[in-house]
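Chemist: One line per chain: the protein sequences are A and B, in this order. According to numbering that gives the first Met the number 0, the first sequence is numbered sequentially starting from 0. According to numbering that gives the first Met the number 0, the second sequence is numbered sequentially starting from 0.
Rather than coming from a laboratory, the hints here were simulated on the basis of the structure. Do not take every clue at face value.
Unchecked claim - Facing chain B, from chain A, some residues (calculated, C-beta under 10 Å):
hint, residue
1, P45
2, Y65
3, L69
4, V157
5, S272
6, L279
Yeah, the Cβ is synthetic: ideal placement off N, Cα and C, and Gly gets one too.
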Amino acid sequence: MSQYVLRRLLIAIPSLLGISLVLFVVLALAPGDPFSELATNPNVPPEVALALRAKFGLDDPIYLRYLHWLNAMLHGDWGFSFVSRMNVDTLILQRLPTTLYVIGSAQILALLIAIPVGVYAATKPYSLFDQVANTLAFVGFSLPTFFTGILFILIFSVTLDWLPFVYTTDIKGTGIHWVLEMIRQAIMPVAVLGLFQAASMTRFVRSAMLDVIRLDYVTTARAKGIGQRRVIIKHVMRNAMIPVVTLIALQIPAVFGGAIVTEQIFRIPGIGSLLISSILSNDTPVVMAVTFVFACLVVLFNLIADVLYGWLDPRISLR
Amino acid sequence: MGCGIWFCPTDSQKTVCIHTVAVDAHPIRCAIYRQPIPVVASRDRLHPYGNQTGTTMLDKELRSMIGDVKDGRMDRRGFIQRLAAVGLTAPLANQILALGGVAMAEGASTYKPSKRGGGGALKLLWWQGPTLLNPHFATGTKDQDGARLFYEPLACWDPDGNMKLVLAAEIPSIQNGGLAADGKSVTWKLKPGVKWHDGTPFTADDVVFNWEYAKDPATSALTIATLRDITVEKVDDLTVRILFNKPTPFWADAFVGAPNTIIPKHLFKDYMGSKSREAPTNLSPVGTGPYKFVEFKPGDLVRGVINPDYHMANRPYFDSIEMKGGGDAVSAARAVIQTGEYDFGWNIQVEDDVLLRLEKGGKGKTVYAVGGDTEFIALNFTDPNTEVDGERSSMKTKHPLFSDPAVRKALSLLIDRESVKKAIYGRAGRTTANFLNGPEKFVSKNTSWEFSVEKASKILDDAGWKPGADGIREKDGKKLKLVYQTSINGPRQKTQAIVKQACQKAGIDVELKSVVASVFFSSDVGNPDTYSKFYADMEMFQIPLSQPDPSQHMRRYLSNLVATKENKWQGTNFPRWVNKEYDATIQAADGEMDPVKRAALYIKANDLMYQDIVFIPVQHRLKVEAAANNLRPVVSGWANETDNLFDWYREE
Chain A
0 MSQYVLRRLL IAIPSLLGIS LVLFVVLALA PGDPFSELAT NPNVPPEVAL
50 ALRAKFGLDD PIYLRYLHWL NAMLHGDWGF SFVSRMNVDT LILQRLPTTL
100 YVIGSAQILA LLIAIPVGVY AATKPYSLFD QVANTLAFVG FSLPTFFTGI
150 LFILIFSVTL DWLPFVYTTD IKGTGIHWVL EMIRQAIMPV AVLGLFQAAS
200 MTRFVRSAML DVIRLDYVTT ARAKGIGQRR VIIKHVMRNA MIPVVTLIAL
250 QIPAVFGGAI VTEQIFRIPG IGSLLISSIL SNDTPVVMAV TFVFACLVVL
300 FNLIADVLYG WLDPRISLR
Chain B
0 MGCGIWFCPT DSQKTVCIHT VAVDAHPIRC AIYRQPIPVV ASRDRLHPYG
50 NQTGTTMLDK ELRSMIGDVK DGRMDRRGFI QRLAAVGLTA PLANQILALG
100 GVAMAEGAST YKPSKRGGGG ALKLLWWQGP TLLNPHFATG TKDQDGARLF
150 YEPLACWDPD GNMKLVLAAE IPSIQNGGLA ADGKSVTWKL KPGVKWHDGT
200 PFTADDVVFN WEYAKDPATS ALTIATLRDI TVEKVDDLTV RILFNKPTPF
250 WADAFVGAPN TIIPKHLFKD YMGSKSREAP TNLSPVGTGP YKFVEFKPGD
300 LVRGVINPDY HMANRPYFDS IEMKGGGDAV SAARAVIQTG EYDFGWNIQV
350 EDDVLLRLEK GGKGKTVYAV GGDTEFIALN FTDPNTEVDG ERSSMKTKHP
400 LFSDPAVRKA LSLLIDRESV KKAIYGRAGR TTANFLNGPE KFVSKNTSWE
450 FSVEKASKIL DDAGWKPGAD GIREKDGKKL KLVYQTSING PRQKTQAIVK
500 QACQKAGIDV ELKSVVASVF FSSDVGNPDT YSKFYADMEM FQIPLSQPDP
550 SQHMRRYLSN LVATKENKWQ GTNFPRWVNK EYDATIQAAD GEMDPVKRAA
600 LYIKANDLMY QDIVFIPVQH RLKVEAAANN LRPVVSGWAN ETDNLFDWYR
650 EE
């Protein structure tokens, strides 16, 4: 097992290198300039902007810039933001907790909805409950988060005036008041992200359950007189969850991606909004670092999914 | 004195004339009045320099009035009121007095609270949050805005463009010895007793240090542009002198306004040059401002609390301040105007009908500040479609269509500025015929604009551009087909559509092109779509006028500054317009210490552009902000939004 993990980690190195190379080249070829704002400022002569470009190495050939970046990365230096003039890792670490809080809560919400609904719908296929759940799931994953986000704002902030739509990191107050405020401002973004996730997960749980529920061993278990509840939980769910767990693990990087839009709408200072503002201001070191973090997450969660798979289903051996 | 409203006699040929009244048998000049300007002057009546006499009259009159103020025969207020009658605003009247030898008045304050603090929290929403807090590294106004919460300049600009003292004790003038008569130096007296937030006293050493810090290229400060050509010396602990290497009529640039705030020597002196990026105080400013630094998250949040030792009486009003970043302008407008979650929203560039709808909610309103920002269409004087030595829009070519002045003239008649204002900018725009729209003193009254498809068609017909089989005009095998580019931005694309439609009616085919802003405005030499390469026939954008003076703005279009491959397109004259008379005018203005003559020179420069149709002004744009109904923000069109923050308060 540990040998397997080690081998997978070693294989991950060339693939991460490849990813970083592609990312770097694409970003370097992309048009734009971190100092574009200076161009229309009559107070700043163009040669000042040109000197800055040279100073930050933007005029070097691409391969040199890549090697510099790689070398620094190997030494644990994530780079230096042109726009904020501070280290990229500080910038990312500063925003990580918020992203984890929002995405984590959304993921938990999604699971809390998807598993019970999916399982119940599968036990009574084509019943009224199943039909309603299916329809809602379709609606849920057909509506993009930027649409539901704005819809929520219009309903809950503008019309009803219940919830704030600007996320603040520094809530005043302490103790229970702070916790309540923290929850209150997270309700809308978490609901938007969570419901979107829940919709597709419900469909997946339901179909995984249906696949298993028809199998012979389930009929056998029932024939032995085991109660419905026990059959479902102990025999069906355990087996149906194997693909679901893989799916969830593989989806986590995608959730980070989906959160980008939500973070922008609700002004959540997370990694996603950092990525967007950095792309808009052409702050390549930050874009590079954030996308590279996402790439690492994909590789890592792939590995976790594979390991979990083996653990959940002993028939699969990892060698 | 019984002055009343007067106009020049209608038979008078002068644009400006003087009305005198006799008081105690002494004739007293009451005011200068000008003729009502015709809204639309016909083409043949337009003589851009036809009113030289008018200008000299004004000149002479001003001079004697300045003398009156100096001798105490006329009070300052009277002077300003009289100038207002000829369309000169108070700030300029003040600058005129200052350079004419009378001390510049300080901008009046509207601040009411009678004690410090007690105003609760002030919540600002900047939809692009500051990404750094060292003013010397600020790439955009958002960074200057954030740094300005904590750092202060010697003086700043109020809504009328008047100078307001911040760290300086008095406004330099010729009387108090602050201003050299030859315009080659200015001496600032600093306010005594000012302390940095850590308790260290603020002195002349700090000011001198800022100059040394920024002028070192290794520091890579952006303020190098303002500071490299001057010398700053300490006279005593509370006096600094700035020396210029040539007469500088606009002396209030270095250390004035939000872009030029002062950082403390004792915290930055070890981080000069290439070590500048390591300074811990880059991210946690210690300034002299009304608020003390608490927290900073780049792009997201800046937070501060009241500075109980602030050097201005009864200020600031608010106990804490928060500047939140991120999102977009529309939702920022919503959070301030509609739901009232925030007190103030920055740069609300949102279509006017959306704002009007939000304002019905009633928690906030929009606030406008007049500056000198002009949205314009620039015409290319070179050929963007012919390549010479690997360079398009080369100076060796001439534009095949625009080299015919009739085409340029026709185009200027096809920009429906009134519709653009009505449909797009609304309260945030004013129609204009001028490229230079402020300060008021520099605005030409000799120009006019008109929208007329018929006249445009007639001009083109007369010049031999006849409609072809496809309805597009042509002459000598050249078709009137134009590429019109701008950056991606809602109002700009709508303006493009309005212009295209009018051009079509006149038989001109316009192809619209929109470029992402970060590319359009970039200095990336490798990209063909930048505004400075100008590989199109016409392009539209605006260049902000960041201080109440046009000198830097107008100097961009000198003939020797054309953008070419040779200078890596860093030349600022992107229309590649060459006019010897313009060059001479700008050079004369650069060294002209007489404020009246100087203003006349800039008006002439504007009129030369108008005559040659280098730019077709689309709209004089105002700054738009959103504010809670009870907030009394002080926002100047000549300064950053936070420049007058010490005067903000809330009406109870």
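Chemist: For this structure, which hints from the list above don't hold up?
Modeler: 2 and 3
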